Amino acid sequence: MLELLASYNEQVGALVLDNAPQNAKYTLHQIQKEILHVFARNVQSSIRHDIGDARFCLIVDEARDESRREQIALVIRFVDRSGFIREQFLDIVHVKDTTASTLKKEISFVLSHHNLDVQNIRGQRYDGASNMRGEWNGLQALFINDCPYAYYVHCLAHQLQLAFIAAAREISDVHTFFQNLIFIINIVIASCKRNDELRAFQVATIEHLVDIGEIETGKGINQVGGLQRPGDSRWSSHFKSICSLIKMYGATCLVLENIALDGSTYSQRGDAAFSFKLLMSFDFAFILHIMKNVMRITDVLCQVLQQKSQDILNAMHLVTTTKTLIQKLRDDG
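For reference, each letter of the sequence shown is one residue, going 957 to 1289 in our numbering.
Hint data in this document are derived by calculation from the structure and do not stem from the laboratory.
Here the structure is a predicted model, which is why all the values come from computation and not from measurement.
Straight line, CA to CA, 20 Å or less: simulated EDC-like cross-link-like pairs of lysine to aspartate or glutamate:
1) LYS1279 x GLU1126
2) LYS1149 x ASP1227
3) LYS1203 x ASP1167
4) LYS1061 x ASP1083
5) LYS989 x ASP1047
6) LYS1203 x GLU1170
7) LYS1175 x GLU1163
8) LYS1233 x ASP1218
9) LYS1248 x ASP1287
10) LYS1203 x GLU1213
11) LYS1233 x GLU1213
12) LYS1061 x ASP1102
13) LYS1149 x ASP1218
14) LYS1060 x ASP1017
15) LYS1264 x ASP1017
16) LYS1203 x ASP1239
17) LYS1060 x ASP1073
18) LYS1203 x GLU1153
19) LYS1060 x GLU1026
20) LYS1264 x ASP1036
21) LYS1061 x GLU1026
22) LYS1264 x GLU1043
23) LYS1052 x GLU1062
24) LYS1279 x ASP1267
25) LYS1060 x ASP1102
26) LYS1203 x GLU1163
27) LYS1061 x GLU1018
28) LYS1061 x ASP1017
29) LYS1061 x ASP1047
30) LYS1060 x GLU1091
31) LYS1061 x GLU1091
32) LYS1203 x ASP1152
33) LYS1248 x ASP1188
34) LYS1264 x ASP1083
Starting from the given sequences, assemble the full structure and let the hints guide the process.
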């Protein structure tokens, strides 16, 4: 790799390969790791200096790394010495389990390691999982026990997404629709081969529509995409999933037909045939378009609520406007 870099960069060749002493090339994996840790510590030290003795807000999210290990990312939101509000990534911690008590122990250790006092926490921002927002035993409750001013705020856009999905699924037909939507998408995108078929059919469909003048052409439009799975905790995912299926409806039907005829197993052929019948049914198509119209309205509010420049008065006005538009759709749509 160094020789390859040297072929493009004379300084690499001269400094590392030619002139560097044999015992000081710093190419050993362990040495490079140590260098990276030095960089990280310097960055963390700079962040800690910026925070000073300021009060701060704690932002934590869970994720999994490439090896599927659970980890938490810790971000600090504070007002710096110049009076600007800043958000800085502070550290990342691997955890064996994600119970609230374990997370609190690990986060408290990280804060103390960076000489940050828990008593200076003035806000907590997590997702809506029970181990994070639980009123009695959640992470936010455990921190409030130590610091009563560490108020917990659940992201408003995230709350809107979860509330809307929960409300929609109270209608049995809509709940069944989303279950069928996930089932259909999982079949179509189950393999690279099927994804390639889907894109190929979509390209052919776009070319045909362009030839007969049904769609406009231009830079950045008529892009070939893919089907997207909906996820309850992902903003706008249901709206994007519905839009992707409507956009690729014809191509999806063709892929399902092919699987129903040429699937390698009877279960693949049967599932594809069942999905094709669902996709072609009036009820499914009807609810597909109704949910697109409803979610087009709520998605605008969801996107706006995520903007950092948003204030509470404008947000209240936007909620009222959204309710008015939904009522108008109910009455006249």
